[in-house]
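**Student:** For reference, the chains in residue letters:
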Amino acid sequence: MIRSPRSASTPAPRFKAFEGGREVADGASLDELSSKLREGGVDPRAVRIVSTMPVRQVVRAGLRGKRT
Amino acid sequence: MSGLLGLTPTLRVVLRNPLLGKRYPEGGEALAVVDTGYEGFIALPWEVFSALSLDELHLEERRLVLANGGTLSAKGCYGAFSAPAVGLSADGFVESYEGLQEVLFGVEALSRARVLLDYCNKRMTAEPCP
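First to last, the protein sequences are chains A and B. In terms of my numbering, the first sequence opens at residue 1 and continues consecutively. In terms of my numbering, the second sequence opens at residue 1 and continues consecutively.
Calculated from the structure, these hints are not laboratory results. Glycine is no exception: its CB is placed at the ideal position from the N, C-alpha and C atoms. The hints are all genuine.
Quick look at which bits of chain B chain A covers, simulated, 3 or more residues with Cβ under 8 Å:
#1 18-24
#2 38-47
#3 56-66
#4 75-81
If we strip away everything but chain A, and leave its shape as in the complex, we get (with noise of 0.2 Å):
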């Protein structure tokens, strides 16, 4: 996920955006998504998003705690 151009591990994701069930844009970056999707008049608010990485369902959060 970090951007970096020789990294050889976690390879980086592609964002497409989506509008009603019709993709209205895609970047290598959100900051280029939303470059396309303002090219575009639409509204980032009106589209969901998705990854070529997929959000897991269910992840692990560890457990915090705080002296009281």
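Since chain A is already given, all that's left is putting chain B on it; use the hints.
**Tutor:** Then chain B, alone, in the frame of chain A:
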């Protein structure tokens, strides 16, 4: 800059919502706790999440499983961070859940970085993968 706060690893970061042109904090950097028990990307207190106007975007829900077996419901969408002092930046799923009071930096955000926790010398360093 990265470092240890007591024994807790931290990173100074700028959080962004590229889709609506927002950043947090508006000036300077925020202190994020590096939480290797958190498998996600970045988790934010709701106040920070809404300051970035991330709550105005289409939100996805998912479950977070705690070490004690309990679960939390989180809401999130895509956002970005940069840690200028160590040359890291990335886009990923940024989420929030009830009661969170710190900016948490998860292992997904570190997945293309080399992180060294050197408690012998009381320091922490982070850099992009070669």
